[in-house]
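Enquirer: So the chains spell out like this:
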Amino acid sequence: MTTAVAEHREEGALATLRRGLRMMPEFRRGLPATFALALVATAGRVVVPIAVQQVIDRGLAGPGGPDLDLVRNVVLLCAAVVVLTVVAVYRMNVRLFRTTETALAGLRVRAFRHVHDLSVLHQQTQRRGSLVSRVTSDVDQLSTFMQWGGVLGVVSLGQLIVATVVMAVYSWQLTLVVLLCFVPLAIAVRFFAARLAVVHGVVRERVGDVLAAVSESVVGASTVRAYGIRERTAARLDRAIDRHYRAQVRAQRVTASVFVSGEFVAAVANVAVVVVGVLLGLDGDITPGTLVAFLFLVTLFVSPVQTASEVLNEAQNAVAGFRRVLDVLETEPDVRDPAVADPATARQLPHTPLGVRFEHVTFRYAPGARPALLDVDLEIAPRRRVAIVGETGSGKTTFAKLVTRLMDPSCGRVLLGDDDAGWVPLDRVAFASLRRRVVMVPQDGFLFDATVADNVRYGRPGLSDDDVRAAFEELGLGDWVAGLVDGVATRVGQRGESLSAGERQLVAVARAYVADPDLLVLDEATSAVDPATERRLTHALDRLTDGRTTLTIAHRLSTAERADEVLVVDAGRVVQRGSHAELVDAEGPYARLHASWRRSSAGEPQPAG
Amino acid sequence: MPRRRDAVVRRGMRHVGRAIVEQPGMFTLAFLASSLYGGMTVASAYVLGEVTDRVVLPALDDGVTSAGALTLAASAILGVAVLKILGILGRRLFAGVMGYRLQAEYRRRVTGQYLRLPLSWHQRHPTGQLLSNANSDVEASWFFVAPLPFACGAVVMIGITVAALVATDPWLALVGLVVFPLVFVVNAVYSQEMSPRMRRAQQLRAEVSEIAHESFDAALVVKTLGREDVETRRFTERAEELRDGLVAVGRVRGLFDPLMEALPNLGTLAVLLIGAGRVADGVTDPGALVSIAYLFTLLALPIRAIGWVLADLPRALAGFDRVTPVLDATGETPHGTEVAVAGTGGAGLGVRGVDYGFEGATRPTLSGVTFDVAPGSTVAVVGPTGSGKSTLAGLLVRLVDPGTGEVLLDGVDLRALREGEVSAQAAVVPQGTFLFDDTVRGNVTLGADVPDDEVWAALRVAAVDDVVRRLPEGLDTRVGERGATLSGGQRQRIALARAVVRRPRLLVLDDATSAVDPAVEARILDALRGHPADRAERPSTVVVVAYRQATIALADEVVWLEGGRVLARGSHEQLLAEVPGYAALVRAYAQTEVAA
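Heads up: the protein sequence lines correspond to chains D and H, in order. First residue of the first sequence? That's 1 in full-length UniProt numbering, and the numbers climb one at a time after it. First residue of the second sequence? That's 1 in full-length UniProt numbering, and the numbers climb one at a time after it.
Don't take each hint at face value.
Restraint-style ranges between C-beta atoms, simulated for each label pair [stated by the list, open to error]:
no., chain 1, residue 1, chain 2, residue 2, range
1, H, V230, D, G412, 32 to 42 angstroms
2, H, E419, D, A571, 26 to 36 angstroms
3, H, G25, D, A15, 44 to 54 angstroms
4, H, L174, D, P25, 29 to 39 angstroms
5, H, G570, D, P367, 37 to 47 angstroms
6, H, G350, D, V575, 22 to 32 angstroms
The set of hints was computed from the structure by calculation and includes no laboratory data. Note that the Cβ used here is the ideal one computed from N, Cα and C, for glycine as well.
Throw the hints in and build the complete structure from the sequences for me.
Expert: Okay, here's the thing in structure tokens:
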């Protein structure tokens with residue numbers, strides 16, 4: 001699919017991170033300093049074993065009996081290091097949080113902007129929910145992980161390194177013994193990770209099922225009640241909830257086994273240290289303090305393993321989310337602004353009324369698919385009002401999307417302009433010029449949760465409330481807007497829900513009116529509008545389209561009747577063209593459409609004569 | 001401020017108690033396992049001390065050891081470790097099961113309420129909120145349960161440790177008595193500082209999500225008006241606020257984490273300092289010193305578990321506070337005991353003095369609505385937008401109950417009918433169609449045992465049989481979430497078939513063909529009219545909310561609704577002649593449609 005989002009399923013976590021770092025320049029800034037602090041931070045973890053060794057070997061078993069001054073000095077020095085560590089870790093954490101949150105905010109905003117550039121947003125409306133997740137929960141998950149797991153990961157790694165170095169300084173033989181004990185665990189961790197990935201994957205899937213079931217019971221509330229299928233719905237819900245529960249328990253079992261494996265290896269390492277240490281000590285190669293210090297150091301090896309088993313699930317979630325965000329970011333928009341992509345060739349539209357020309361235009365939604373439009377070749381003169389009619393799926397919406405450059409044709413080209421000022425290929429027109437001069441009023445005139453005036457201003461920022469009121473007046477909607485609770489300052493609610501569908505259309509028309517385009521593309525609403533509003537709407541549309549080139553995707557033939565010209569689309573081809581009067585009398589699809597529609601509107605069982 | 005904190009702590013403890021009361025068995029098991037772990041942790045420190053005293057020091061200082069001594073040391077260390085591991089396993093498994101059971105149980109209760117509560121309740125609550133109540137809020141409510149037994153075990157462990165310390169050396173015990181309370185104080189300050197910050201971050205997350213939702217829904221408007229930059233600015237502002245909020249959260253956590261780690265370390269150092277003096281005085285032996293120092297190192301993690309529980313309690317309470325109103329909501333639709341007349345033909349319908357007002361609305365949606373529908377007749381409800389037509393449609397099939405007045409089915413008040421009786425007799429096709437993520441067949445039958453030929457017959461009446469036949473797997477084709485794979489008109493027609501297949505005695509169509517082409521709508525209406533006759537039965541009673549003349553013309557009688565009142569009744573022609581408002585409305589619509 002041309003609109004599909006690229007996917008890199010088989011990619012490893014490291015590759016994702018590399019890809020991510022490339023796209024998050026903020027992330028690299030100041031990272032070396034953060035890692036330097038992390039190294040200091042781990043120092044705090046080894047001072048205690050060192051202190052233990054010093055106190056036992058030099059403080060208590062000193063040559064001249066217990067040396068309490070030395071003990072005091074060692075302890076105070078180590079305490080100072082511990083306090084210093086607190087400061088270092090705090091500084092590191094704050095730096096890390098600030099860098100990652102800044103980087104993630106940047107990622108979030110870039111992804112948001114990029115999604116707007118992708119045609120998938122308007123092509124596949126059912127995928128909007130998942131696109132919202134790309135800029136919300138996916139990034140949230142990354143941020144949560146960075147605040148918990150990210151820090152733990154950095155510290156754990158540093159801890160392993162520093163502990164090994166200290167061990168090696170004390171006794172290379174014992175270090176070898178400890179490492180030998182942990183090598184099998186390090187190998188096993190890879191296997192554990194794969195296992196954990198599987199069980200957590202199942203849990204995630206089940207969460208999705210639960211969500212789907214819950215959403216059915218909520219969104220379908222009236223259907224569930226009207227059809228008395230509460231028990232059936234409850235059974236579905238309970239099954240989803242139960243399956244989710246069982247997957248969670250299974251995942252917990254695996255996580256717990258991984259967790260304790262570290263504990264077991266630590267015990268084995270302790271035994272090995274005691275036995276080997278004692279044997280080495282017989283030859284005087286090792287002091288009691290060193291041996292005890294080793295036992296303390298072994299605990300430092302255990303916690304990274306346990307931490308890993310804890311954060312692995314979060315890490316996988318975070319990486320998977322990260323990958324999804326990056327995939328969206330890496331998807332090339334199929335329609336790009338020439339002013340950005342290739343500024344040298346970008347052009348402005350001529351300042352004359354705009355005509356439309358299709359040159360052998362074919363469009364397929366996917367390569368190899370049945371063409372939605374096939375070899376359309378036509379010209380529409382400036383200032384004509386054209387209605388496009390045809391059955392659902394005939395290609396009339398595709399036509400509109402090509403004129404507004406929401407998509408580019410698969411073959412052929414679309415041009416705007418006229419014979420005097422010249423024709424400009426649409427894909428060369430800078431978006432700033434295109435969006436200024438060509439405006440589309442979509443089927444559901446979407447409104448933002450703001451005032452009526454704000455929504456109208458969206459068509460032209462900077463208008464005052466009085467300008468908006470005047471616009472409504474010019475459209476013949478002055479009385480309607482005055483009748484609203486707060487006039488133009490009335491809040492329309494989420495998605496404009498405080499207004500009826502028809503009233504939302506009125507605001508959308510006003511919004512297009514203040515945008516003052518030269519070429520207007522209207523996708524007529526199909527939703528039910530009460531007749532009084534319908535009348536207002538028709539009137540306002542007449543005012544709006546007056547003097548502008550207008551293409552209307554007509555779902556009602558009354559619209560076609562009022563147009564200068566009608567294009568009849570059937571199976572991707574323009575099969576008829578002419579005025580309503582001409583077409584009604586001609587043999588052909590238009591006459592048939594008209595007859596059947598007249599019959600249904602008039603409520604007469606027999607075809608009208 | 002302190003009083004508020006007390007309240008949070010008290011409520012938090014009550015919430016912890018609730019978890020324990022709901023899952024006493026699992027909690028006990030997890031707690032016992034956790035105590036075993038705690039005991040063995042202390043034991044492992046003592047074993048280490050003993051091994052130091054009896055094996056390591058003699059061997060290293062005097063150069064004597066024996067295979068027996070080494071074996072004993074090894075088996076003591078391993079034995080304690082194995083018991084400790086069993087403790088960990090038990091603790092984690094039982095604590096996990098406890099938390100997951102609570103989650104599942106509350107999810108069942110919440111969704112049970114969703115199914116039980118009346119539609120009027122649903123209308124007052126946004127979908128998004130109900131989804132998160134059942135999902136993330138329930139999860140947040142019980143998140144703290146996972147480390148809870150660990151934390152309780154840690155308390156036990158601290159008790160044992162203090163006792164052991166006192167028994168070993170009161171001076172060393174003093175260290176514990178300073179460090180442990182300090183840990184609790186730091187924890188308390190942490191949750192105090194954290195909870196408002198977390199709440200703010202959560203709030204900002206919701207706002208960011210709202211903007212993304214709205215902006216993406218508006219994609220076509222944004223794009224065709226070239227307003228991407230405006231939208232990005234709007235989003236950036238909130239995303240940056242969220243970033244600052246999260247950094248504020250991180251600042252607190254960033255200080256708390258190292259502090260919690262430093263406290264046991266400082267404790268160990270204090271033990272060394274004091275202990276060395278005691279050893280020098282000959283009061284304590286080096287082994288005891290080692291074991292107590294080691295103990296402090298081991299205690300670091302369990303002590304943090306207490307912190308995890310405390311830190312999570314505010315979030316848990318916030319989540320639970322959002323779940324409770326759902327669980328406590330009342331207004332369950334009470335059902336009577338009457339059985340509807342088991343007639344085969346259309347049901348008689350009576351609407352008597354019905355008032356209905358939405359909560360918080362200034363004027364009633366319906367007032368004093370009274371009319372009768374004779375069995376087998378068809379009535380069209382016509383009225384301007386906002387006149388209460390959809391509300392009336394819902395009342396007829398008891399999706400909502402009237403404030404005053406009654407709706408009678410064959411003379412029986414709907415509220416007196418037994419549960420399931422109304423849906424057995426009446427079917428409604430609502431304005432917004434809803435399809436389940438199921439097959440076409442499943443969506444039509446809704447689990448009832450209906451032979452395929454009847455399903456096809458219903459699909460034919462709804463003029464969607466051709467569409468279904470062309471689907472890859474016919475009746476067995478899955479329609480996707482909310483019927484995503486079908487067009488709006490196709491979804492409406494399948495919903496219509498769902499109603500028709502039940503052969504309802506009362507069929508209520510609430511503008512149920514709005515997304516269907518007029519030509520197709522005409523076919524459906526013809527079929528609906530002819531359908532009962534096909535089965536040689538008396539026709540169903542049909543109430544239809546309509547705009548199109550074709551639909552209205554089908555009706556035996558028209559009910560003219562304006563401002564929530566029935567202002568006129570009669571035939572289409574009668575109303576046209578007598579009611580100016582009706583005539584204006586219908587003609588206006590006819591003009592836009594026919595433009596004659």
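Enquirer: For each hint, tell me whether it holds in the structure or not.
Expert: Consistency of the hints with the structure:
{"no.": "1", "hint": "V230(H) to G412(D): 32 to 42 angstroms", "result": "holds, 33 angstroms"}
{"no.": "2", "hint": "E419(H) to A571(D): 26 to 36 angstroms", "result": "violated, 51 angstroms"}
{"no.": "3", "hint": "G25(H) to A15(D): 44 to 54 angstroms", "result": "holds, 46 angstroms"}
{"no.": "4", "hint": "L174(H) to P25(D): 29 to 39 angstroms", "result": "violated, 53 angstroms"}
{"no.": "5", "hint": "G570(H) to P367(D): 37 to 47 angstroms", "result": "violated, 60 angstroms"}
{"no.": "6", "hint": "G350(H) to V575(D): 22 to 32 angstroms", "result": "violated, 53 angstroms"}
Hint compliance for this structure: hints 2, 4, 5 and 6 are not met, and every other hint is.
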